[in-house]
Each structure stands twice: as C-alpha cells, then as structure tokens.
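There are 2 protein chains.
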Amino acid sequence: MAINVIAVWDSFAALLSKISSYQEAVALMAWDLRTGAPRKGAAPRSETIGLLSTEAFKLQTSAEMGGYLSQLLEDDAFKQLSDTQQRIVKDAKEEYDRSVKIPEEKYKEYVELTANSETLWEDFKESGDFVGFEPYLTKIVAKLQEFIDYWGVKDTRYDTLLNMYEPGLTVEKVDQVFGQLRDRLVPVVTAISEHGHKPDTEFLHNIFPKEQQEKVSLFLLEQIGYDFEAGRVDESMHPFQTTLNQGDARITTHYIEDDVVDALFSSLHEGGHALYEQNVSDELARTPLGQGTSMGIHESQSRFWENMIGRSRPFWERYYGDLQKHFPEQLNEVPLDQFFKAINAVKNSLIRIQSDELTYNLHIIIRYEIEKMIFNEGLPVSELPRVWNEKYQAYLGITPPNDGVGVLQDVHWSAGLFGYFPSYALGNMYSAQFANTMMKELPEFEKWVGEGNFAPIREWLIDKIYKYGKSRTPSELIEGVTGEPLNPTYLADYLEQKYKGIYGL
Amino acid sequence: MAINVIAVWDSFAALLSKISSYQEAVALMAWDLRTGAPRKGAAPRSETIGLLSTEAFKLQTSAEMGGYLSQLLEDDAFKQLSDTQQRIVKDAKEEYDRSVKIPEEKYKEYVELTANSETLWEDFKESGDFVGFEPYLTKIVAKLQEFIDYWGVKDTRYDTLLNMYEPGLTVEKVDQVFGQLRDRLVPVVTAISEHGHKPDTEFLHNIFPKEQQEKVSLFLLEQIGYDFEAGRVDESMHPFQTTLNQGDARITTHYIEDDVVDALFSSLHEGGHALYEQNVSDELARTPLGQGTSMGIHESQSRFWENMIGRSRPFWERYYGDLQKHFPEQLNEVPLDQFFKAINAVKNSLIRIQSDELTYNLHIIIRYEIEKMIFNEGLPVSELPRVWNEKYQAYLGITPPNDGVGVLQDVHWSAGLFGYFPSYALGNMYSAQFANTMMKELPEFEKWVGEGNFAPIREWLIDKIYKYGKSRTPSELIEGVTGEPLNPTYLADYLEQKYKGIYGL
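Those protein sequences? They're chains A and B, same order as listed. Residue 142 in the numbering used here sits at position 142 of the first sequence; the count goes up by one each step and never skips. If you want the numbering used here, it's the 1-based position in the second sequence plus 505.
Hints in this document: simulated from the structure, not taken from any laboratory. All of these numbers come straight from a predicted model, not from anything done at the bench. Just so you know, even glycine gets a beta-carbon here, dropped at the ideal spot from N, CA and C. Any given hint might turn out to be false.
Said to hold, decoys possible - Pairs of lysine-lysine, DSBU-like flavour, derived with a Cα cap of 35 Å:
(1) B/Lys830 / A/Lys210
(2) A/Lys40 / B/Lys972
(3) B/Lys563 / A/Lys40
(4) B/Lys1005 / A/Lys40
(5) B/Lys896 / A/Lys40
Unchecked claim - Pair by pair, the computed Cβ-Cβ distance ranges are:
(6) A/Gly501 / B/Ile761: 49 to 57 Å
(7) B/Glu984 / A/Arg39: 33 to 41 Å
(8) A/Gln86 / B/Asn881: 33 to 41 Å
(9) A/Arg39 / B/Phe724: 41 to 49 Å
Hey, can you work out the whole structure from these sequences and the hints?
Here it is as structure tokens:
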C-alpha cells in the first residue's frame, strides 16, 4: 500500500515534539524540586511528575506511535527519508520496542517507587541507616528484574541494564577494559602510597566565602564557553546538568565554604555536560536525537573539561592569578606548583565524588562488580553493605565507618539507575582517547589552554562530537574520531604520565 | 440505569487530578519563564506551554469528562454526593460547557497567539510602539469576539467576558457600582488637588540597597503569616503570585533601588494572594475548587493586606522602627508621621500600578469603559491610544507623553485578559466591605495590627473566606460574611475618612 510519506513523517514529528514537551515539563519539575521548591509542595509534585511521566510513556507506546513507525519503516517509505530522519525513526523504534513491553501500570508504579525512594534516600544516607532503606532498594531491584524479563536477555541479565545507558556495550567488553585499566592503575596507586610523599592540601580547606567562589565558578564557565543565554546556574545539594529544551541546558553546583575547589570542578564538570547539550545541532531539536548520545560519551565531555582541562597545569598557569585575586588572604602565599599538586593529590578515600582522577576508576569498578553480582549472581540486597565494605578494603585499603559514607553514598540506586555507574569510567576512557586524537590534530592544544583560548578546542568537539547529538552511536563516534574502538590504554597512559610527573616517581 | 456512583466519582476525580497535573506543569513553566529562564529557551518553551495547555484543554472537553459529568448529574447519582462533591461537579460542568464550544484548533491558536503577544508586548511597551503592537491586539480581540459567539451572549457581549473572571457579575451591576464609586471619589480627589498641600515624598526615592529591601520584605511576609515552607519568593519584572499545587503558592517581587516602598507593598500584595491560596482547605486539592473563587475576591485579599493593613497607621507604628533599622541613613531623620503621609500621598499619575489607593480606582474605571467600547460598541483597536489619552485627560487631568506609559502600560490585553481589569476595583470594594464586618466582629483589630498580631485576623479570613476556595461563589461569600451584596459605600467611606484625615480636609 502506497502511503504519503511526508504526511506520515509530519504526524510522527508532531508526536515526537509532543513527547519532548512532556519531557521538558517533567525535567523542569525535577529541577525545581532540587533547586528550591518548598517542602510542602514536594509530595504533590511527585504525584504530578508520576502522572505526566506516565502520559509521556503512554504516547511513546501508543498505537499511534506504533502505526507511524511501521509505516515509516516500510522499505519504500524508509528510502525516501533523509539520513537524519532514518536515524530518528530507528531510535524511536528501539525506544518503542523497549517501552511497549512494560505494562503502563508497572511503569507508573516504578516511577512512583523511585521518586519516593530518591527522596527518602537523603534521610537514610544522612543517618547511615541501610536497614531502613533496604526494603525500598529490594523493591527496586525486584522491579528491574521484572523489567529485564520483559525486555529480554541477550547475553547476561546485567547486559540488558548496561545497554540502557551505553547502547551496544556488553559485560564481556566492560570486563575486558576494566580489567586492563585496573591492571595498569593499581601499580601507580601502590607506587604513590609507597612513595610516602603527601602533598600539602590543608590550605584548600580554609574558609573561602561562597560569594567569591560563585564569582570564580561563573567566570570559569564563561571562559570555557558556557552560553548563559541558553542555560542558568543554580545551587542544589548534588550538582547536576539538565536539558529542558534546545535553548536551555542548566547546571547546578554546590558551594562548600571550607573547600575552594569542589564547586570549581563541579562547575567545570556540569559545564562540560552543558557544552555538549548546548551544541547539539538545532535540526535534532524536539526529537529523541536532540541530546548527548550515551551516558559514557556524555561523561567523557564533563570529565574532559573537569580533568583534562581543569586539572591541568596550563589551565592554572592561566587562571591561578584570577583565583588568588578572589582569595588573596587564603592563596597569596601558596605558589602555583603547590596548588597544582594539591588539586591533584591522590588519596585512597571513601567518597567517589571527592576522589582523585586516579582512584576514581576503582570506585566505579567496585560498583560495577557489585551490580553484576546482584543481577547476574542473585546477590541479595541485604548483603550489599558487607560486599561493599569488603571491596573497599580490598581495592582501596579502607573500610567505611558507616553505611552513609559507604553503600548509601550515591543516589543512583535509589533512583533505579543500575547499569549507569560504568558510564563514569567509560567516560574517562573515551575522554582520554578523544584527547589523544585532538592533541595530534591540534598541536597547539596545550598552548591554547595556557592562554584560555578554548574556542578552537570547543569547535573541534562540536564538529566531531557535539553537533551529532544522538544521531551517532557511541562506537560510531569513538571509531569515527579516533580510528579505533574503545581502548583503555589512552586513559592509563595519561594517568600514569600525569601522576609520575606530579609525584616524581 | 443504575450506575456505581462511587466508581464514577473515583474516575472523575482521577481525571480532575490529571488535569491539575497539567496545570501545575504549565504554571511552573510560566513561572520559570518570568523568573530567570534563559533567553534562548523562551521560544521552545512557549511551544511546550502551548502543547501542554492544549492537552489539558482536550481532557477538559473530552468525551470521558462529558460522560462522567452526565452520569454524576443524574438525579439519583447527584443526591448521593456530598455538598463539596456536588459543587465540584457543577463547577466542572460549567467549565466543560464553556470549553467544549471552542474547537481545539482555535484554542491552540489562541494560546500561541497570546503567549507570543505577551512576549512581544515587553518590547513594544519599552519603545512605546502602539502601531507595531496593533496587529497582535487586533487579532486577539477578533479571536475573543469569535469565542464570545461560541460561548453565547446573555446580556451584552462584554458581559460574557466579565463573567469569566467574576462569575455572576453583569455590566449593569458594574456600571452601577463604578458610577456610585466615581461620584463619591471624584470630589475627594478634587478637594485634595485644590487643597494644595503636597506631602514630601522625595525621601522615599533615595538609594535603598536591594539586599536590605529584600530582608524587610521577607520579614514582613513572615509577620503576616506567609508560609515559606509552602511557597517561595523570587524576583521578576512584574510581581505576581502563582499556585503550583496545594503546598506551593509562590510570589515574586521586584526591587527598585530608588523606591523603598514599591517592593514592600508589592510583597504584601502578592503575599495577600498567597495567604488566600495557602489556606484553601486541603480537601479541595487537585480539583477545580482548590483555588480562590474569583479574581475580584482574590484581589480583595491582596489589597486588604497591601492597603488596609500595609498602608495603615497602626501597621507602621509597629514596623517603622524595623524599617529605619535597615535604612538608618535614609530614614532616621524622617518621623513616622511624615513617612505615613508620604506612602499615602495622592497624585494624579499615569501608571496604574504606581498609583495611590484613591486614584487607583479611576485607572480601572477608564479601562473598564474602554473594554466595553471595544466589545459592545465595536471601537476599533487602532482608536485605543486616542480614547485612552482622552479619558486620562478627562478623569485625571493628565495625558501620557507616549503610549508606553499610556495604553501599552499593562500586560493584560496582550495576554487576552479583557474583562479582568474590573476585578481590581471590585477587589477594593469587597475588601472594604469585608473589613467593615471584620472590625465589628474583631473590635481589637487596630490594636492587633499595631502589635503585629495578625494571627486572629488571618484566622477570621481563613474561617470566613480562604478555606472555602472556589466552593463558594463571590456573592455567596460577600453576602454570607457581610449580610449584603456588593456595596461600594464601604470603600468610599473608608477612602474618604482615610484621606480627609491625612490631608486635614
């Protein structure tokens, strides 16, 4: 049967646009909850978020959507679509196939369960009460197990979750790259411990007034090219980036008065996510492709700006003077070299988000191994604190004094985000691999960073990565840009070289 | 046919709750646009607001809604509902009957037209360019004329619009009360002009740093009982109050450095709206009755707190010392009496929102007369500047030097809000009439205001007005509380007495 492709496409695009409207509303409501919505409005707000998320879900799994997709996927019709249109259809089809398997009622229950657990988690974390939190986490795991059955298992059960955040990735591949990475990093960590030298980091923890921290953070965001007309910066308990629409990529940060660098690096980190989102091509707006392509690639950009730029020596050669001007009493007596070593000090610590570039990856590997045990080996939720503590002892030589700084430290699991953590270490690997190519193609990279001249670096990233949004898969991007698949060697080389230099190993 | 009333009610309530979810999302998106959403996100945001408003409209006019209403309105079923449930059904039925007459496509066009015009209006107002704005306004009037035809005309065409904001009100009644009010107020205005005495108001316009203004505003809001756990205070170009859900009634204000009182009174004004919304009974949440009953009654509460409390002598006997503490250099030399007279100075001015309590009503009467001319006498939009200027000359003895401070000064018409302005003067009248009864029932009123003891006043308002939300009509409220219908005498008496005292007439 011949169909009018243009008319079907237009209806399909209108439906996608409507879905993105729901997503914008839900994202704004969530942003608002975390940036200052009043306490008494939170419970009704969760109900509203649940209702509208479910409406979006219904549209995504509607007969209307199914109809457009099957019409547009017919050979004759599909051939008439542009490359971008074809990719939109394929992405929507994948999402449709995944979602349509979940009964609407189950989805709604899940959204409400996780919204509620995420709110409760804050208190349980605060009091370190894993036993109180256990029933919620148990329910979430059970729901996800049920969803995995609906979605179907290709390799292992945990592969199904991994694929939600990093399409195409397998447990087999992660085992391999994490293994290689661990084997390269552990000797460096050990060498640093044995070396005995501890950089002085105490001066970072004097009192640095919030107002000045805010000024420096905004200044640095401006320097790297964050577009303040296409976003805004607020405060929240935990920093995050959220995209509301093609002209609105917001970030939050959190100022800690006795830590001068925490807010700076979290601003650069979230700023990196936002640079990606702000530079996705406009033609992808209001489609499922109008966003970063995967959590891993996204994280490669946040960590590129945070670490490879923000924790580099040339960066602070350019900006340390500015920082001193904002904190003359606190920093005028501290030479650049001392500052640089302090912000790169390696320390086996309990908290992932406060860890250094080197040990960070071990925190992720621990979470990855535990998640695999839950979903592939049936580890009961009640066992998590024990396994967590054993692994921290084994990998980092420390044991959390309570679950608040141990197994309860991250919000992710309370929000149902199992399979997500690996993205962080993948991001580090992607980041180093991209940077390796970038430095070959832009031999003046270091000089530019030292001058605060980020425009050519940003342009390179826009041209190679950002503009494509989700219209390229992670593997298309990494292979297209660097000429080879994900390879942990670049991150290992970068970290080894950086830390050998700093610690004089 | 017997129906299961409880089951139908539950489905109906779930549908109402869903509609209120859309309304919450749309209200938050609008709030966000006005309190700091980035410029480049505004256009897509308008599209999103249009789409989700239309979805809510579709639910309100759905066959599902029509079905529940007709089932619940059947005699047998209706009798089984509680009084509150019956009122919810009747209100939803009215809304349904009104909305179902408007074709969905027309509604969507209208939402997009007004959203766009509202944004453009800011620039046209700034440049005083009425000619540029005229085509938009012409379209809006044409759309409303079309809607009036859909809705049907009972008395005059303008009655149909009036009724949107003040159910039950007629042009005949407004003509009468506005006429009486004008006849009482004009002699007072004239007497003040002829009296020649001009209170010194210059000291109000020194520089009053924003930070201090903010502190005083928040302090006064706390004093009158604004619940900061059920709302938040932000800045916007034009102050407003918006209710997101039963636990979230937000207000905004706008600080002007060379005007110490503007933000204070706008905070009290919006705070008054919010006190109403924060104290609607919880059982009405997520239904169409969970809000103030009409624009006029709402305005009676904002203006009660702004004027009858905030511009009263006892109020400043209690708080002037606090104000001076925040602005010692600016106010320590200014005695209370001088301050009190200055904040109540009468001046024939161009701008409604900056006008005093007395002439304010004349600004409203001008707008009312013009709106009637447009809808009942076919006055073309192109004639508005001429008519506007003539009326300002006739009523207030001044002519705007440009349309930016004349016919373009208010946002309302750009948003399609014709029939809304009368609410402001109605609010003043309701307010004085309620206050008259309150003072009889609470003989210590003045003493309490002088002590900053607002709890018994607030309790009285909650008990007589606020808790009912929209479950009582404006006339039920005014007659129930004061024993008679709307009567402009109370406002005229109050203003006459107040200004005769201040000006020693």
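Going down the list of hints, with the structure as the test:
no.: 1; hint: B/Lys830 / A/Lys210; verdict: holds (26 Å)
no.: 2; hint: A/Lys40 / B/Lys972; verdict: holds (17 Å)
no.: 3; hint: B/Lys563 / A/Lys40; verdict: holds (30 Å)
no.: 4; hint: B/Lys1005 / A/Lys40; verdict: violated (45 Å)
no.: 5; hint: B/Lys896 / A/Lys40; verdict: violated (47 Å)
no.: 6; hint: A/Gly501 / B/Ile761: 49 to 57 Å; verdict: holds (56 Å)
no.: 7; hint: B/Glu984 / A/Arg39: 33 to 41 Å; verdict: holds (38 Å)
no.: 8; hint: A/Gln86 / B/Asn881: 33 to 41 Å; verdict: violated (57 Å)
no.: 9; hint: A/Arg39 / B/Phe724: 41 to 49 Å; verdict: violated (20 Å)
Going down the numbered hints, you'll see the structure goes against 4, 5, 8 and 9, while the others check out.
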